Structure formats: C-alpha cells, structure tokens
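With chain A's structure known, arrange chain B on it following the hints.
There are 2 protein chains.
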Amino acid sequence: MRTIERLTSLGLLAWFCCLSAEPVQGGKVLVMPVDGSHWLSMKILVKELSLRGHEVVVLVPESSLLIQGSDSYRTEVFTVSYSQQELDANFNELRKGIFVPPKSTDFLLDIQRLIDFTNLQVRGCESLLHNEALMSRLRAEGFDVLLTDPFLPCGSVLAHLFSIPAVYFLRGLPCGLDLKANQCPTPLSYIPKFYSGNTPQMNFPQRVKNVFFSFVESYLCKLLYANFDYLASKYLEDGMTYKELISHGAVWLLRYDFTFEWPRPLMPNMVLIGGINCAKKGPLPADLEEFVNGSGDDGFIVFTLGSMVSNMPDKIAKQFFDAFRQIPQRVVWRYTGVPPTDVPENVRLMKWLPQNDLLAHPKAQIFFTHGGTHGVYEGICNAVPMVMFPLFGDQGDNVHRMVARGVAEKLSMLEVTSETVVATIRKLINDKSYKQKMVQLSQIHLDRPLQPLDLAVFWTEFVMKHKGAAHLRVAAHDLNWIQYHSLDVLGFLSLVLITVLVLTLKCCWFCTRSCFRKRTEKRKSQ
Amino acid sequence: MRTIERLTSLGLLAWFCCLSAEPVQGGKVLVMPVDGSHWLSMKILVKELSLRGHEVVVLVPESSLLIQGSDSYRTEVFTVSYSQQELDANFNELRKGIFVPPKSTDFLLDIQRLIDFTNLQVRGCESLLHNEALMSRLRAEGFDVLLTDPFLPCGSVLAHLFSIPAVYFLRGLPCGLDLKANQCPTPLSYIPKFYSGNTPQMNFPQRVKNVFFSFVESYLCKLLYANFDYLASKYLEDGMTYKELISHGAVWLLRYDFTFEWPRPLMPNMVLIGGINCAKKGPLPADLEEFVNGSGDDGFIVFTLGSMVSNMPDKIAKQFFDAFRQIPQRVVWRYTGVPPTDVPENVRLMKWLPQNDLLAHPKAQIFFTHGGTHGVYEGICNAVPMVMFPLFGDQGDNVHRMVARGVAEKLSMLEVTSETVVATIRKLINDKSYKQKMVQLSQIHLDRPLQPLDLAVFWTEFVMKHKGAAHLRVAAHDLNWIQYHSLDVLGFLSLVLITVLVLTLKCCWFCTRSCFRKRTEKRKSQ
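Residue numbers (the working numbering), protein chains in the order written: chain A, 1 to 526; chain B, 1 to 526.
Hints are computed from structural coordinates only; laboratory data are not their basis. Here the structure is a predicted model, which means the values were calculated and not measured. Among the hints, erroneous ones may be present.
One copy or two, either will do: identical chains are not told apart, so a pair holds if it fits within one copy or between any two.
In silico PhoX-like pairs for lysine-lysine, Cα to Cα no more than 25 Å straight-line [what the hints assert, rightly or not]:
| # | residue 1 | residue 2 |
| --- | --- | --- |
| 1 | K435 | K467 |
| 2 | K180 | K193 |
| 3 | K180 | K222 |
| 4 | K280 | K351 |
| 5 | K363 | K281 |
| 6 | K363 | K410 |
| 7 | K437 | K467 |
| 8 | K410 | K103 |
Chain A with its partners taken away, still in its complex shape (with noise of 0.2 Å):
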C-alpha cells in the first residue's frame, strides 16, 4: 500500500480522477477551425459528429476565406480587429513570390510574410478572448470536447481556458512542434529534415545536411512560434510557450499515412487518418461525365492547384494551351483567370471542381497538382500518378515524398514551357512503372482495418467518453531535456566510476610505494 501512496503523491494515479463511467450519447463539442484548406477536411470530421448525433458549436471569424455556415452544425461569429480586406491582403501576401522569380532575399522575406500572418492570426485570437459576453457564454455551455488544428494557436488556448480536453486534427506543424511537443523521437539519422531534399536513406553528407538543417530549423522556429508563444504567455501562465500549450492535447489526429509519410516512431496518442478528405465519392455532374467520358481511350488530364491559388500569369498559362494542344488526353482545368480566345477544344476550364470524382474517374490518367497533402491523399485513393507543381508552404517536401516512391514528376511553374509539359505527359502514359507503382501505394493506403473518418470520430468520443485520453500520455513530458536524455545519471554514474577508479589507483600506488619502501629499509638494514 505504501507503494500506492507513493505513486499517488507522484502523480502516477492522477488520472483516474479525470475518467468518467457514462458514455457521452449526445456530446458537446466546440471547434476553432483554421481557414483556408485546413477546414475543407476538418468540415467533414465536424459534419459526421453532428450526424452522429453530438451538438456541434464552430467559431468563425467575422473576416474569414472558406468558413460557413451550415445546417449541420451551430456556428458563433465573433468581431475580429482585422477588416475582411485585411486578411485578403495578407493572405495575398503569403501567395506573392509564386509565380516571380526567385530573388537570394525571398527567403528573409517570407519570413517576414508568415511573422505578419501569425500575428494578424493573434490579433484575431485576441479579439475572441476579449468578448466576454461570448466566452462567458461558451465556458457556460459546458463542452466535452475542443476540437482544433494546432497550426494556429486560438483552439488550444480556449482548451486550456475552459479546461476542457483537446483533440488536435492536423497535417504537422512548422519545424515539427507537433511532434516535440508531444514528445515523439524523431531521430536526424533517418527521418528527413522538411526541405533537406533527403529521403530515409542517407549517406554521412546527407545526414550532416539534416543535423544542420535542424539546427537552422531551431532558431527560425524561435522566430515563427515568437506571437503565439506571447498570446500563451499573455493569456495563460507567465512564461508558457506554445510547445508548452499545445503539448496537453489529448489526442493528435495527422492527417497522413506511411504512404505518404516516411515510416517512424509514433506515440500511442496519435492517430492517422491520412486519405480522410477522399473517403467519400459522389457521381460528376451529366456535362462533365460526358466530357470526360469523350475522352475515349487516351483519358484525361485533371487540373487544379488547391483552393488558394486558381490563378496564373497570362505567359504561363499559355504554355499549358499550347502544351495541351498536342496531347489526345482531354484536360479539365481549374482556372480563373481570363480564358485566351483560342482555348483548345480538349481543355474545359472551371471556376470549381470536384476533384476526387474527377479522380475516381476509370478514364482519369494524370493529375496535375501543386502538392498539398488534400490532393497528394486523393491521387493516392485513387491511383492516378501526378504532375507536381510545388508552390509554397509543405507543397515542396510533399511532391519530393511522391517524386522519391516514383508515382510522380515535379516540374517547375516558373521554368515551365510547353515541351517540357507534352514531354512529362507522355513519360507518365508511357512509363507504366508510375502508374503500377502508384495502383501498389494506393492498395497499401486503403487497405486499412477501419475507415480514417470512423477513426477520426471514434477518438473524439473516446476523448469526450473518458475526459480526455490520460493513459495514452507518456511521463516524459514533466521531464526536461538534460532528465529526458538521462545526462544527469550518466554524468553521476561516470563521476561515481571515475572516483572509484582514482581511489583504486591510489590504493595500488600507496600499497606498491609502502611495499618498496619497506624493502629498501630491510636492504638498507641488511
């Protein structure tokens, strides 16, 4: 029993205390989304909650891209200090430099741009904990459960206001915070450093890439976690870091798979539901079934780069006409901006378009993509290889992923010119390697024991159920780095070794030199 008591002091035992015996039917469940693309897939975790039967509460910014309403779900405005112009202008600016050629200043530059972003983000934030009516209100509804994306810091924070458990969907975060802060190893010798250029294979120079990488990577983040680091210490305790914050999330949901996502270790609190944005398939519209279904047996082209840029300048779009003016393929292209005259009888273009049932198309032969990890996962569902244009943001290290399994080609936006398209186009229908390398990564994918979105449900009622996922938590986290890494034992152990020794040596030497000293006075005696 003194064992127990121990432990309990400790802490061990803490979590029993926060575990509930009633099975939540109905649960409440409040949702800071984060806009643009990471809400299309966060949208349908949120909608199959509410479809199963729990009470779903979204906070929107009055100023926001892609968040709505809908039936589905209650959503919550809340006045930003920021005008709907504002944040068009700034994400305008995270989308400036694509198609410009790069200058040796790019890279200050962005980093300024995303410092910029991240504070308009706090400021947002800001405004939210400021409204006392609506956060009085929402602390009074009692939620089981918060469920957010931890790339931007507003979601964690209400978490830990409202002292509910948080389960965090997302696809990583810059510099990895996600995985430091869920105390996950991530050792440098085999897991590629983001934009390294290196795969899980690396010789001695590959890895002295990744170790600096990581260093590098260490003091930029300092830079980039800089606001949200303030907001955690402003708002919650004096001197919390967002590593900090964000490293009591219950359950991790990572939008990724080891289909896309170089094999390592895990932590029993994450869970991946890569591919949950192409579970579900819907028939295309009869115009756009007949268009491709005209395609015949050569197929065609699908065309999009995601939901934030649709645009192109004028020179380079006319290399894609002229390019998909020499092909049989068919090509449907999302594209907004002012068709020429002469658009090729083969091209549809389109203001939208459903991309994963144009995927899932028997006749869809290539995919056309910038690489971001929604369509990365639906060219996987549904084994079309890919023509990569990394634009910014994870799209360079995700198109390296798929260009390394060989289901893939990168091509530049900025190089790029007709030939170089027609001559890809054709390396990708006459290469069959791509295609059978990416129906075996697609196999892979799907088969899987339970669906991502079943899975994605079942650990946030799991979270709402037991008050959180306290046994799923490892003891490292209440460690610091020189504990973590056992150098304070090993600098003990080596200081008890080394006395030991010196003490021995010192015994032999005072021995030996009594020994000859007795010896020589005998002599000298004799």
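Chain B in isolation, oriented as in the chain A frame:
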C-alpha cells in the same frame, strides 16, 4: 528522374518490388508456436485465421506440453532430440524454487536454468532443421506468411530460410529485445526497466537505478540469447545475431495496451492486441453456475495460478483453506494437489476451470492470480480487482503495474498466512476504490474501435496480401549505433567548429601581432 535513380540505387524503392496487387483470399499460414501459456492465446488467432478460409499448418514438436491437434488446422509433428520426460524435467526446473525460500545464489541458478531451457529449445529447432524431408515439403508448400512467437527462435529461422514474411505474436521479450530489434526508442528516463520497481514518474535515484538496471540487463541478455545467436549464425548467416534475425519481422502483434503497459513510443508495425484472450465468453457448466450463484450478495473468488502451476505445498495450501473458512465469499480454486479432508463448504476445487467465464460472472468479486498477462487481461476485461501472487518470469513486473494502478494487492506466496489473506480480501471488498479504479480501467480497455482479434487477423492478412509490410519498416535498421545517434555527424560538426574557431583565433592573433609589430617599429623609427 535523376533523384529517382539515386534513390533506387539506395534501396528506397526496393519495397515496391515485393508488393503484390492480388488479394490473398485463402492464404497459406505456417505457424511455429511456443509451448505453454504462449500457445493458449496464439491458438485463438490460429483458429480464427482458419475460420476465415486460410489454410493453416501448425508445427508441433513430438514432445510438447499444451500444443495439440485440432479440426481447425493441420499439424505437422516433427521429431526432436529430447524426450517428453526431458522436456517435463526442463519445465519443472523452471518451476523449481517457486515455493522455496530464496537464497543468495538463486539468481545465478535462475540464469543457468534459463540457459538450459534455451539450449533444449535450440536442440529441438535443430532437429527440425535437419529433418530434410519435412523441410523440403514445407518449402514446397509456398506459405504466404509465418506466424510465430519470437520468444523462441525457430519460427524466425524458418521465415528467413523460406523467404516468407513473419508476423510476430508476443507479450514481449526478455531485456526488451523486441523493442531493440524493432528500433523502437525506449528512453530510460521515463520507461521503467523490468523488475526495477519503478513507474514512469521517477525521481533522480530511481532514474539512476533504471540506467544501472539497463547496464546489467545488457550483460545478462548476452548470456541468455547466446544459444539463439549461435543458431542464427550457424544456420543462416555467419555472425548474424538473434536481434538481427528478428528485426525482419513484418508486423509485431503485441499482447498489451496502455491499460496494462506504461505509455511509451511505438513503431508503425507494432499492433496492440492486449485482451485478445478474453474476447469470447461462454456460459458456465450448470453445476458451477449453481455453485457461484449460491454465493448470494457476498459473491465469489476465482483462484488460479496459471497453466503451469496448479499445486502448492500443503503448508501453504493450509493457509488458504484456513483463510477461506473465515470469509462469507465462495471460492472456485484450480487445485490439483491432494485436498485436505476438511475442505470448507464454500470452496470448490477443480482440476481446470473456465477462468474468463467465471470472471465475467456478475458475482465475481476478487481474482486470486499469479499475474500472468492472460490472467491480468481477463481481470481487466471483466473489471475484477486482484490479489496477486507473482511466481516467476514477468509476473513480478506485471503485478507491480496493477498494484501501481490501484486495482490489485500483492502477496508473497512464501510468506502468506491465513490472516494476511483474510485481511487482503476484506480490504478489497470494503475499500471501494479498488473496484472503482478497475471499472474505469476496464472501460478504457474495452472502448476500442476494433476488437483485438479482428486487428490481429487484419494485419496477418495484410502481410499475406502485400508480401510483408515494408512501407512500415524504418530506415534505422540500416544504421549502426554511432550513426543512429548521429555521433559521427556531431563529431564532424564539432571538428569543423573547432577548426573554424582555432583559425579565427590564429588570424586575430596574427593580425594583432602584426599591428603591434608595426606600431613598435614605427615608434622605434620615430
């Protein structure tokens, strides 16, 4: 394309070559089981695989304890170079000492007994390997997967020889060899070593103890696995260790989850199937049902010491009989010893009992168990608090986990008295926290999206269909210890840093000296 070529040469894409597109509908499964309680849970999966249409062949040594034929699967009996008597004597040696007061030399004796045990098992495996007729027949069968428990090496050796992927089914290996072989990070700072008595929350002396245990363990395990290393090296590749051999396991089905195991990092190919043995519950035989139902509100106690121990010295048994005479509960006890003439009326002695069905009975109050993992999970599944008597092997550590979670009390079989038994029973009945915590633990354990048996079947079929699970294999397997920890890279970067520093300092010194010299010369000339 250059990137792909480079990667192909590095082996990254090698895994594509071993993937198959065709689903395995009725696959062929070769099973190399481990005798004793290990077989009891593996048999559940074996039977289920057979039920789902796979052809299962179980290899059975002619001298065995619990492995028998069945209508569900085909057996291939092979001769071994030891008799049933020799095997029984070997197991009896392992059981020795359970009921004898420990001596200071026991530790060395235990190691010697284990080495003798592994030696006998290696001899058995060699008999199979030299059985050319059977080996040729097995090779010709073209199995899709080999299912084995790597607690003993023969299964892994066969998988390697026949070039078929292996699925491992186990609780864990001594010295955490399973984790080491599978490259699973195990920080000593928060993951208690076996038998250290630590919990994840360790203070400095406990962490020192943990590190110290890990050093001792490394040495002992070299002794323990020497026979297996010899087998791998002799029959497979010169110099191959057992760790290296089992590192090729495609999927590790692990008989635990985090209601039993302390939370820790996992690898992508580690699948948790804790509780697989208590999924199916049947009705009790009529007379037993009548007996336990007659216990009224006081309920009954289930008392077993596992498949290996069903007897005890009369002196110890008397303490239990005396204790049970004093309590209102009824007792169902698996006891094969000679019963005394005055067995209390509330005690039913049985040669074998339906443990899980009894624990599932609503009147089951307490589980007297030795702390084997099967029993522990049956206790958790059915939410029955436990009085635990660890006897040997991993049981001491299993018991420690349950006691630390506040769902069990531990008693020593050697020091047990009727008074301590009665007092412990009253404590568990009167202090409601034991039951309450056990119910919470049970609810968490049972709240899972998929039953462990379905999960085990899924992953075995996955390995059959895709001829392995190479996409889950980490690149760490290709690195040595220095490379894995990036020590060579850190050494190199330190060298570069020191060189730059020394050069900079030399430059500064040279400049300063030049400056001084010039000034002195100037002054002199003035």
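Earlier hints that do not hold, by number
Per hint list: zero violations.
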